[in-house]
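There are 4 protein chains.
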Amino acid sequence: MIIICKPDATEEDIQHIIQKAEKLGLRVNISKGVERTVLGFIGPEDVLRVIPLEVFPGVDQVLPVLAPYKLVSREFQKENSVIQIKDDVRIGGEKIAVIAGPCSIESYEALLSVAKKVKESGATILRGGAFKPRTSPYDFQGLGEEGLKYMKDVGEEVGLATVTEVMDPRHVELVARYVDVFQIGARNMQNYTLLQEVGKTKKPVLLKRGMSATVKELLMSAEYIAAKGNFKVAVCERGIRTFETATRNTFDINAIPVIKQMSHLPVVADPSHGTGRWGLVSSIAMAAVAAGCDALIVEVHENPEEALSDGAQSLTPGNFKALMAQLQAVAQAVHRTF
Amino acid sequence: MIIICKPDATEEDIQHIIQKAEKLGLRVNISKGVERTVLGFIGPEDVLRVIPLEVFPGVDQVLPVLAPYKLVSREFQKENSVIQIKDDVRIGGEKIAVIAGPCSIESYEALLSVAKKVKESGATILRGGAFKPRTSPYDFQGLGEEGLKYMKDVGEEVGLATVTEVMDPRHVELVARYVDVFQIGARNMQNYTLLQEVGKTKKPVLLKRGMSATVKELLMSAEYIAAKGNFKVAVCERGIRTFETATRNTFDINAIPVIKQMSHLPVVADPSHGTGRWGLVSSIAMAAVAAGCDALIVEVHENPEEALSDGAQSLTPGNFKALMAQLQAVAQAVHRTF
Amino acid sequence: MIIICKPDATEEDIQHIIQKAEKLGLRVNISKGVERTVLGFIGPEDVLRVIPLEVFPGVDQVLPVLAPYKLVSREFQKENSVIQIKDDVRIGGEKIAVIAGPCSIESYEALLSVAKKVKESGATILRGGAFKPRTSPYDFQGLGEEGLKYMKDVGEEVGLATVTEVMDPRHVELVARYVDVFQIGARNMQNYTLLQEVGKTKKPVLLKRGMSATVKELLMSAEYIAAKGNFKVAVCERGIRTFETATRNTFDINAIPVIKQMSHLPVVADPSHGTGRWGLVSSIAMAAVAAGCDALIVEVHENPEEALSDGAQSLTPGNFKALMAQLQAVAQAVHRTF
Amino acid sequence: MIIICKPDATEEDIQHIIQKAEKLGLRVNISKGVERTVLGFIGPEDVLRVIPLEVFPGVDQVLPVLAPYKLVSREFQKENSVIQIKDDVRIGGEKIAVIAGPCSIESYEALLSVAKKVKESGATILRGGAFKPRTSPYDFQGLGEEGLKYMKDVGEEVGLATVTEVMDPRHVELVARYVDVFQIGARNMQNYTLLQEVGKTKKPVLLKRGMSATVKELLMSAEYIAAKGNFKVAVCERGIRTFETATRNTFDINAIPVIKQMSHLPVVADPSHGTGRWGLVSSIAMAAVAAGCDALIVEVHENPEEALSDGAQSLTPGNFKALMAQLQAVAQAVHRTF
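Chains D, L, Y and F, in that order, give the protein sequences. Convert by adding 33 to the 1-based position in the first sequence; the result is the number in the working numbering. Convert by adding 33 to the 1-based position in the second sequence; the result is the number in the working numbering. Convert by adding 33 to the 1-based position in the third sequence; the result is the number in the working numbering. Convert by adding 33 to the 1-based position in the fourth sequence; the result is the number in the working numbering.
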């Protein structure tokens with residue numbers, strides 16, 4: 034922690050801060066400049082972070098030195114994490130995982146049909162929502178447990194691992210019985226109750242970035258899960274909210290290499306939500322692979338016109354197949370495989 | 034719903050859309066312009082909103098005509114809502130309600146002391162967090178039920194209504210036993226599980242705007258609560274996230290008159306989170322009253338230096354008292370009272 | 034300047050940085066923490082600011098201690114600046130200045146008529162655009178020099194000071210002949226050529242904040258003008274660009290008290306551009322006064338339906354008169370006058 | 034143009050709007066819905082765009098049907114534009130152009146040295162600033178005409194086309210004498226004076242997106258240039274300003290395919306400004322190629338530690354060479370070449 038004092042900070046102000054810090058077991062390095070005094074604290078920064086140093090008299094700025102996350106940081110673990118999902122299905126490592134399927138689970142037949150096709154094209158994990166976070170209370174809210182059953186059955190029949198969103202901490206156990214990976218949606222990235230609940234399980238978690246969350250906050254939310262003992266977290270860039278209205282969200286491509294520098298966790302890219310328009314999904318999927326993502330999650334629907342949610346951003350199985358073919362070449366170019 | 038077709042939309046494309054709409058019971062108004070055809074749908078727009086019309090061949094843009102919220106709209110109810118909290122404590126109407134207290138409940142004594150002082154200065158509702166949504170899993174997470182008990186006891190002793198944040202749907206009943214008003218925090222504005230749970234109660238709800246939520250989305254979240262039968266919702270502007278880093282958030286003063294135009298719900302202003310710096314709180318509190326807010330929520334702490342959370346944005350009881358005196362004159366200027 | 038080194042920075046890395054700094058005449062304070070070394074530089078920070086310290090091996094973060102602006106800072110001058118415009122017309126000080134008039138100058142008669150009315154209601158400075166920065170090359174671009182002549186004549190006839198936008202550095206001299214105050218528009222806030230050109234004159238400058246400029250950048254642009262010798266700069270908050278689409282811009286009310294803390298320059302508020310909708314202008318004008326602005330600039334048009342630009346956000350003279358009456362009471366409440 | 038009336042719009046209100054439109058030569062299509070009336074205008078939308086229809090009584094929303102730009106739109110020209118720069122140097126088409134060089138021109142020798150190296154690695158256009166838009170008036174402002182001369186001499190000696198920024202409309206002619214392509218910087222994207230001045234020349238223009246400009250506004254600025262007769266415009270995505278502070282800007286990768294859909298102009302990607310950190314430049318350059326850009330502009334400096342500007346985001350010639358090798362494979366994967 035570094036404190037930059039105000040130009041008119043008195044000696045008394047400075048001593049007051051120093052005493053506070055020393056009482057907490059920190060040593061203080063004092064640097065008196067021409068215009069301002071700068072204080073550097075040596076010792077465990079955590080004890081200081083909870084003190085509102087900004088309100089101490091004479092304090093102008095408070096600058097943390099250390100990242101507030103630990104377990105998920107690159108410093109904590111130098112090697113990339115690889116999350117084992119099932120058999121030979123993993124997220125992380127040289128092979129890029131592909132997660133595909135409908136936004137919502139609509140029926141057993143529809144799920145089975147699309148599952149077979151995405152598997153054929155190279156997907157290894159099936160996605161599909163049983164509990165849907167809809168902006169409007171009047172929109173389709175998902176099939177609930179029935180949807181989870183379809184997910185389990187289809188996953189087993191076709192041979193795909195499965196991921197679905199959990200929104201309610203009371204459903205964690207239920208969802209865990211049916212699927213292989215929890216998804217925490219963007220709107221719940223800072224639902225700490227839910228993060229802690231999945232943190233207590235041993236299931237892998239796909240944690241989506243909140244639409245106005247910084248990369249640092251995303252990693253803090255991952256830390257919440259890890260702090261409960263579950264290190265199997267993959268973080269997902271799915272577009273952020275900006276002033277631009279030409280697309281549903283602005284896909285933050287920078288976040289991919291940035292997170293890889295800051296953290297050992299695998300990074301998933303979601304070009305479907307990242308753009309909101311199916312005609313842009315392929316371009317952004319290719320960009321994400323070129324930028325170094327470890328997995329893709331793509332919405333695929335047999336007939337987007339009939340989709341109960343997110344039809345506008347869903348690929349048809351045919352378009353998905355074409356995308357997978359193109360992606361092979363891009364992956365090779367960056368020394369990865371599918 | 035209006036559809037603007039692409040310049041190269043074929044007659045077949047247009048008929049395909051019309052058939053879909055007519056099957057759903059809508060009439061279609063066709064307007065063939067020089068360059069493009071525009072389709073207007075007459076009838077209940079809801080049935081169309083769930084169809085991903087953007088993916089139909091020939092469609093360029095889909096423009097909704099009606100607001101997606103109903104119960105909370107100004108059209109649904111012309112008169113301003115007034116929420117009865119307790120005895121003569123209300124939010125809404127000519128009298129501006131003042132909610133004040135510490136960010137976190139830290140001890141019975143501390144809460145009692147600050148409660149007496151804020152009441153003396155004119156507050157009618159006591160705020161204080163028992164369950165705290167902290168960005169870091171290592172920060173103080175609140176006293177839990179013990180804090181709720183202090184809240185109830187202090188509220189009764191001093192004669193203040195009480196509000197506290199609820200984060201977990203499993204805690205709704207518990208919290209309801211102790212306090213008068215639920216607060217839904219900014220991070221949970223789209224935690225639909227939680228919204229529905231408080232919607233099933235009869236308790237007033239203070240719903241905070243998410244840090245990147247539009248005014249429309251805020252009203253949609255209020256609609257979630259109202260749709261479950263609980264109309265006692267006050268919405269709270271508490272600053273949004275923008276590129277500006279000089280303040281913790283950017284207080285969206287425009288939102289106050291905008292929401293008053295769109296909705297009959299009372300609007301609460303939170304200048305503490307809206308600025309993040311205690312030295313700015315008074316200016317923004319006065320601005321919010323001048324702009325027409327129905328209530329203020331302000332963080333007050335006996336000794337901000339020792340606060341376990343949000344010390345940087347807390348007023349001392351003395352500063353709060355001075356603010357209340359200034360606010361009287363501003364309220365009068367806009368024909369309101371405290 | 035403070036440098037936080039990477040955890041794995043070598044002694045050689047650190048010496049390399051220190052040598053660089055010492056060569057530039059700075060002393061270095063070294064603070065070796067448990068995990069990281071922090072370097073503080075003592076001496077004129079300017080010489081370091083141009084060095085890309087971020088690329089030096091072993092450097093993690095570079096944190097400036099001093100604000101990059103000087104002449105416009107509160108530290109440079111403790112007292113508020115008061116800009117003398119003409120006779121008893123000033124911006125700054127206890128009396129709040131009101132600038133009003135049409136977006137564009139459309140004809141002599143129209144300007145004269147609106148000028149008389151805004152003066153009657155209490156405005157002291159007439160605004161009106163002769164050169165218009167329009168997003169579309171096909172929109173009305175202003176009357177040019179003819180408009181300037183109208184401005185001068187009307188200003189003299191009615192007894193109002195005048196302000197108009199200058200967009201082209203080649204027009205600075207021309208505009209100076211006709212009006213009392215230069216306006217630099219939001220789109221030109223970082224048009225350094227133009228800033229320097231008006232900085233060479235002795236005329237007051239109304240500098241608008243760019244739509245995505247931070248407060249710090251706004252002050253840096255003011256510094257550009259001051260650095261050329263012209264200290265008569267008033268900075269104007271006119272709304273920033275955010276994700277919110279309910280209003281044309283988001284009026285950053287926080288910026289008013291923030292700038293007053295950081296700088297001695299007077300702060301002007303523009304509720305017309307800050308909202309983009311005439312029905313919101315009065316609420317935000319009152320809020321801005323309550324928050325401490327030194328002047329208001331408001332678009333007024335005899336017949337907004339016929340306005341050649343910005344009709345949607347223009348008040349009628351009748352609405353403006355009503356606003357001025359309301360503002361009196363708000364100003365009194367904060368110990369100011371009109 | 035479509036107008037959605039308020040629910041309480043009177044017949045008189047509606048007739049008033051219709052009369053206005055018919056007077057301007059438009060036909061009106063009236064669609065009376067259950068709750069609201071919708072008006073569609075048939076005829077040249079331009080004449081309506083300048084009318085502030087939002088202020089007409091009874092009007093709720095005004096929705097334009099047509100894009101405000103014409104000459105640069107994909108509808109105006111189906112085929113991709115290819116801009117001929119010099120000999121066999123082009124921007125647009127299958128071959129991806131690479132523009133490289135230092136941020137600022139610092140000396141003849143330095144420019145010559147870096148020019149040789151970037152050419153060797155595959156660049157065809159040399160970049161370098163002679164007039165620098167610096168946030169601070171105290172920072173290095175560029176070598177001016179002397180720098181332009183170095184640019185011309187080095188370009189000829191090494192066999193590279195050249196591009197440099199022009200900031201002052203009075204310098205257009207001067208700059209045109211020395212370099213092959215004008216660059217309009219992000220801060221000047223809406224400096225209409227400057228846009229019109231380069232529009233009057235026949236030189237190609239590299240137009241950078243303003244840091245908070247929408248894609249639509251970027252195309253409107255390109256339209257300004259085209260409307261003056263100069264169609265040789267390439268638009269450049271260089272990162273936008275968002276709430277994320279981990280990178281200098283947020284590179285809007287979506288903008289690449291979006292612009293390609295909306296316009297026939299070539300799209301240039303600037304990963305140097307788009308990230309602000311040299312360690313991220315290569316990842317984003319590869320992503321931009323995968324997403325379909327037509328050219329890259331990359332800052333390269335012999336010794337970033339000594340760069341007079343933008344050192345933090347400059348590649349060394351060695352890193353640039355390595356990047357070019359990697360890019361070959363990515364380009365092939367998307368059927369492009371370098």
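Be a bit skeptical, because a hint or two may be false.
Since the list gives no way to pick one copy over another, a pair counts as held whenever it fits inside one copy or between any two copies.
[Unchecked claim] Here are the simulated SDA-like pairs of lysine to any residue, each with C-alpha atoms no more than 20 Å apart in a straight line:
1. 150 with 57
2. 65 with 354
3. 103 with 211
4. 39 with 104
5. 56 with 112
6. 185 with 236
It is worth saying that the hints were derived from the structure and are not from the lab. Note that the structure is a prediction, hence the values are computed from the model and not measured.
Next on the checklist: When the structure is checked against the list of hints, which entries are broken? Sort them ascending.
Outcome noted: Structure breaks hints 1, 2, 3, 5.
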